[in-house]
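Protein chains: 2
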Amino acid sequence: MSDNDKTENLGEFDLIAAYFRPLTEGRPEALDLEDDAGLLTPPEGSQLVVTTDALVAGQHFLPDTPAESLAVKALGVNLSDLAAMGATPAAYTLALAAPKPIPPGWLQNFAAGLGDMQAAHGIFLLGGDTVTTSGPLTLSVTALGWVGAGAALCRSGAQVGDDLYVSGTIGDAALGLLVARDGRKLAGDGGDAFLRGRYDRPQPRTTLGPRLVGIATSCIDVSDGLAADVGHITKTSGLGAEISVRDLPLSDAARSALTDDPGLLQTLVTGGDDYELAFTAPPSAAGTIAAAAGESGVPVTRIGTMTAEPDVRLLGPGGAALDLGQGGYRHF
Amino acid sequence: MSDNDKTENLGEFDLIAAYFRPLTEGRPEALDLEDDAGLLTPPEGSQLVVTTDALVAGQHFLPDTPAESLAVKALGVNLSDLAAMGATPAAYTLALAAPKPIPPGWLQNFAAGLGDMQAAHGIFLLGGDTVTTSGPLTLSVTALGWVGAGAALCRSGAQVGDDLYVSGTIGDAALGLLVARDGRKLAGDGGDAFLRGRYDRPQPRTTLGPRLVGIATSCIDVSDGLAADVGHITKTSGLGAEISVRDLPLSDAARSALTDDPGLLQTLVTGGDDYELAFTAPPSAAGTIAAAAGESGVPVTRIGTMTAEPDVRLLGPGGAALDLGQGGYRHF
Chain C
1 MSDNDKTENL GEFDLIAAYF RPLTEGRPEA LDLEDDAGLL TPPEGSQLVV TTDALVAGQH
61 FLPDTPAESL AVKALGVNLS DLAAMGATPA AYTLALAAPK PIPPGWLQNF AAGLGDMQAA
121 HGIFLLGGDT VTTSGPLTLS VTALGWVGAG AALCRSGAQV GDDLYVSGTI GDAALGLLVA
181 RDGRKLAGDG GDAFLRGRYD RPQPRTTLGP RLVGIATSCI DVSDGLAADV GHITKTSGLG
241 AEISVRDLPL SDAARSALTD DPGLLQTLVT GGDDYELAFT APPSAAGTIA AAAGESGVPV
301 TRIGTMTAEP DVRLLGPGGA ALDLGQGGYR HF
Chain E
1 MSDNDKTENL GEFDLIAAYF RPLTEGRPEA LDLEDDAGLL TPPEGSQLVV TTDALVAGQH
61 FLPDTPAESL AVKALGVNLS DLAAMGATPA AYTLALAAPK PIPPGWLQNF AAGLGDMQAA
121 HGIFLLGGDT VTTSGPLTLS VTALGWVGAG AALCRSGAQV GDDLYVSGTI GDAALGLLVA
181 RDGRKLAGDG GDAFLRGRYD RPQPRTTLGP RLVGIATSCI DVSDGLAADV GHITKTSGLG
241 AEISVRDLPL SDAARSALTD DPGLLQTLVT GGDDYELAFT APPSAAGTIA AAAGESGVPV
301 TRIGTMTAEP DVRLLGPGGA ALDLGQGGYR HF
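As given, the protein sequences belong to chains C and E, one line each in that order. Number 329 in our numbering belongs to position 329 of the first sequence; there are no gaps in the numbering. Number 139 in our numbering belongs to position 139 of the second sequence; there are no gaps in the numbering.
One thing to keep in mind: the hints can contain errors.
Intra- or inter-copy, both count: the list cannot distinguish identical chains.
[Said to hold, decoys possible] List time: in silico EDC-like cross-link candidates among lysine to aspartate or glutamate, alpha-carbon distance up to 20 Å: (1) 100 to 189; (2) 235 to 34; (3) 185 to 252; (4) 185 to 12.
These aren't lab readings, by the way, just hints derived from the structure by calculation.
Sequences and hints are given; from them, build the entire structure.
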């Protein structure tokens with residue numbers, strides 16, 4: 001870590017010692033955050049997978065987001081990218097640009113959130129930088145993982161006739177944003193709290209992604225919305241897709257909200273921040289995929305088929321196509 | 001790269017295509033910046049070296065710094081960290097948080113600066129993220145390199161009686177900051193331009209660092225000032241050091257400035273941003289080090305000795321110790 005700035009009345013060295021060094025979990029690779037860089041040893045026959053995502057307060061999270069949720073989100077979006085490549089996460093670096101003064105307890109809660117995610121996903125802090133800024137809180141995480149050489153899952157590779165799957169449930173986070181930002185009442189107190197939690201605390205599918213290596217023909221994480229991200233697969237693979245709305249996996253809370261307001265279907269299909277995996281595989285792989293889902297503890301649902309005609313088509317409950325507008329969705 | 005924001009009237013996809021995709025140099029590892037992450041293949045028997053540094057406008061560079069210099073600096077400080085570990089640089093990721101509107105031509109000049117550094121140091125853009133911010137321009141670079149397993153240079157490892165060396169010349173950047181920020185006239189127009197260039201455009205010693213593997217007993221890059229960074233070596237190695245002021249390698253411009261104002265010696269020794277390497281090695285390695293310096297094209301100078309007594313002592317021209325105050329330096 002670097003030492004150019006001071007925050008929260010602590011020198012950066014003290015701050016690193018108090019909050020960040022424990023996150024290295026004593027791994028020798030992090031060199032106690034005292035050296036110029038961290039060291040990782042590649043597993044034999046592996047490739048390194050690297051992803052960097054930045055989050056800016058007011059742009060990528062609501063300014064009142066608790067420090068703990070923020071840490072979970074910053075790591076979560078990056079780990080989700082690793083999972084989508086089939087990589088097993090190993091470690092991460094963090095660049096934290098914080099406005100002064102940092103509120104009392106903020107760093108402690110932030111570190112606690114990082115610690116929770118580390119424990120859940122088997123990673124540790126390898127290095128980073130802590131600086132002050134006159135602007136909004138800005139977090140940049142680089143996540144590092146490993147995948148067998150040549151085996152990484154990509155967006156291209158889907159074939160006509162492949163089944164299209166998603167993990168978990170779709171649309172919760174988009175509904176959670178309506179609850180959190182707009183104060184909407186969608187699914188009762190318990191349901192709304194669940195939806196908000198799905199927005200604030202993404203659960204990257206790091207146990208599922210690596211198990212899809214050698215099985216899935218393409219994979220992406222659903223960060224921009226199901227329709228858009230399946231669109232990335234179809235475009236990169238030079239195909240189209242048909243998604244059956246009836247087969248979309250919905251949480252009880254999302255189903256309840258949709259029953260009250262069928263117009264929310266658009267939000268479910270086009271809203272971002274699911275951090276589920278969308279992937280394709282030949283029909284013959286159905287049993288293997290069910291087994292991978294079981295081993296990973298992440299439910300997986302077949303929602304459609306890859307087609308030769310370009311574009312992503314949504315098939316309504318009666319089997320008729322629904323119009324998917326410019327990045328969005330409209331009923332006829 | 002992610003695609004949450006728009007900048008400079010281009011969608012982020014267009015912006016990536018126009019300015020950042022060319023910086024991948026067509027390397028398959030970067031997957032055209034279209035996938036979720038980049039892929040690097042470890043050389044056999046290697047360890048991965050990872051460093052992340054963030055730069056915030058107004059904190060780490062003057063707000064009027066040209067885009068090209070900024071790119072050089074953001075990459076330079078990270079590549080310098082790799083060099084200090086003895087790593088050969090491979091690739092980097094970039095998180096760019098830019099205030100809107102981005103001035104016309106800014107991205108083009110910024111990309112040109114990145115391209116220059118890539119060519120000089122044999123690296124390419126592997127991935128990243130481009131977002132907008134309501135605050136100051138913030139750059140976070142993660143640089144990735146490789147070093148033989150177990151061979152990385154660290155700050156610890158120096159032995160009593162080891163020679164202490166530095167590469168290049170010391171103090172130019174600190175004087176350049178006085179020229180750039182305070183409008184000081186120090187070494188004539190040509191000399192002042194040289195000093196400012198040394199501040200704006202660090203030259204990380206990526207050709208020298210890897211050649212010191214197996215030779216140097218410790219190594220650090222001089223980013224916080226020679227005295228402080230040698231202090232990091234002495235503290236981590238549990239030793240002290242004596243530096244002969246007379247032996248410090250100074251540029252003609254720095255020597256000219258020092259002749260006019262001997263008080264600038266403090267600035268030379270304690271000012272940051274040199275991005276030279278300070279390292280230790282046993283006296284028996286002198287010939288090998290001279291050969292490594294020759295092969296790398298980077299001059300190297302012996303400036304002192306590692307001692308058993310703690311602390312960094314500066315020996316003045318007459319051989320008497322000068323007082324090195326709290327992170328700084330004072331004449332008696």
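Hints not upheld, ascending by number: 1, 4
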